[in-house]
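Asker: Listed below, chain by chain, are the residues.
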Amino acid sequence: MGDTDSKARLRRRVYGLAAVLVLQSVCAVFFVGDAIRDLHFSGLSGHDVLEAAVAVALVSGIVFGAIEMRRTIEQAGRAEEAVTIASGALGTMIGEHFKHWQLTGAEANVAMLAIKGFEIAEIAEIRRTAASTVRAQLTRIYAKAGVTSRSQLVSLFIDDLLGGPLPGMEATEETSSAER
Amino acid sequence: MDGSRPVPLRLWDPVVCITHWTVAVCVLLNFTVVSEHSELHEWLGYVALAMVVLRMIWGVVGARRARFSSFPPSLTAARDRARTMLSPGRHGHGEANRSHNPLGALMVYGLWGMLFAVAGTGILLENFGEASQIGEVAEEVHEVTANLLVLMAALHVGGVLLESRLSGINLIRQMTWSRRGKSGPV
Ligand code: HEM
Ligand code: HEM
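Residue numbers (the working numbering), protein chains in the order written: chain A, 1 to 180; chain B, 181 to 366.
Derived Cβ-Cβ restraints for the label pairs, each shown as a range: (1) B:Pro253 with A:Val54: 29 to 35 Å; (2) B:Pro253 with A:Cys27: 27 to 33 Å; (3) A:Gly105 with B:Thr256: 40 to 46 Å; (4) B:Trp223 with A:Ala130: 55 to 61 Å; (5) A:Gly105 with B:Gly348: 23 to 29 Å; (6) B:Ser218 with A:Cys27: 18 to 24 Å.
Treat the hints as calculated values from the structure; they're not laboratory data. Ideal Cβ placement from N, Cα and C applies to all residues, glycine included.
Start from the sequences and build out the full structure, keeping to the hints where you can.
Answerer: Right under this line is the structure:
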């Protein structure tokens, strides 16, 4: 949750920066165009030196804004990478379970996609098989894992991931296991 | 485990998207409906120029995929690319995702060059007036380059559609904001 929040914030920031850059660029070009017109009508003067300085300032502003923007984009990219690495560690753990349950290669693949939240139709499309095949594979996977639904399959890993009861949460832990 | 998953959709960053569509709209408006003698024509031209200038800065200091170094102009690479596109069944999938393909890159540099020529001559025309000698030349060049620009843009759109069909990657969607929540760095 916190991760999607920070990603959304970064994305908003990127779009805000882009809007400012666009505005700055339009202003800079209009300003320079105007300055050229003045130059044409009245020849070189002290005023033009000032205008040249302003133009340089405007363009530097754009360059620095652009660099800032690239940093933000790279930061967003790194945030995404971190998620991938986390799922890498989780992936290893999941893989060990699959081995323990003696899933076949195809079943492991389907199980992983199911855990990642893909629908049956999507899994069928990704694996280029019929939806009925995927459904049959899922039934076998659930049987081997000793669960009856996808949400149970996922919650097995959530339990493992959380390890033990959270501090101050023992009571809730009990009610939730009683539910099951 | 990931071998069977489809190539992730990588999007162009907002600077590339905004500058592109602003330029396209300004050019098409100026070429079609906006009267060439109106102030609006000049304003739209300035806005298009501003977008190209911003894109030039972004091409130097911007995001990796948008930088000029990611799509250097290369005639040989473009020729190879054209050959691959023309021979059925041999178009690469993965590489299409990095930046502009070499053939597209040539067109992109051509379009930018033409945009500078059109805007530059337009500004000359505006400053010197059609009656002066410079203005007369500028008017000729402005007209010719504007026509060339639109011709190249038409080829460009054709190339985009062809490449999208051959590679199975919707290039136009990469240039828009759709589905940005699902994948891509930003
Ligand atoms: C006068 C009109 C147009 C001009 C001058 C123009 C120019 C350009 C330029 C300079 C780029 C490179 C973008 C960058 O790296 O910043 C580009 C890319 C692109 N344009 Fe246009 N364009 C025009 C119209 C269109 C239209 C109408 C479409 C939609 C069909 C379109 C679709 C695209 C796409 C999809 C790309 C990305 C190509 C890729 O993935 O390599 N363009 N265009
Ligand atoms: C960037 C996109 C632009 C496009 C596609 C474009 C296109 C055109 C076209 C097709 C004409 C008609 C030429 C003729 O038949 O003689 C024209 C005329 C003109 N353009 Fe542009 N233009 C652009 C930018 C500009 C800019 C930036 C300026 C000035 C600031 C400008 C100033 C003019 C003027 C003054 C004329 C009138 C020429 C005449 O009296 O025939 N244009 N433009």
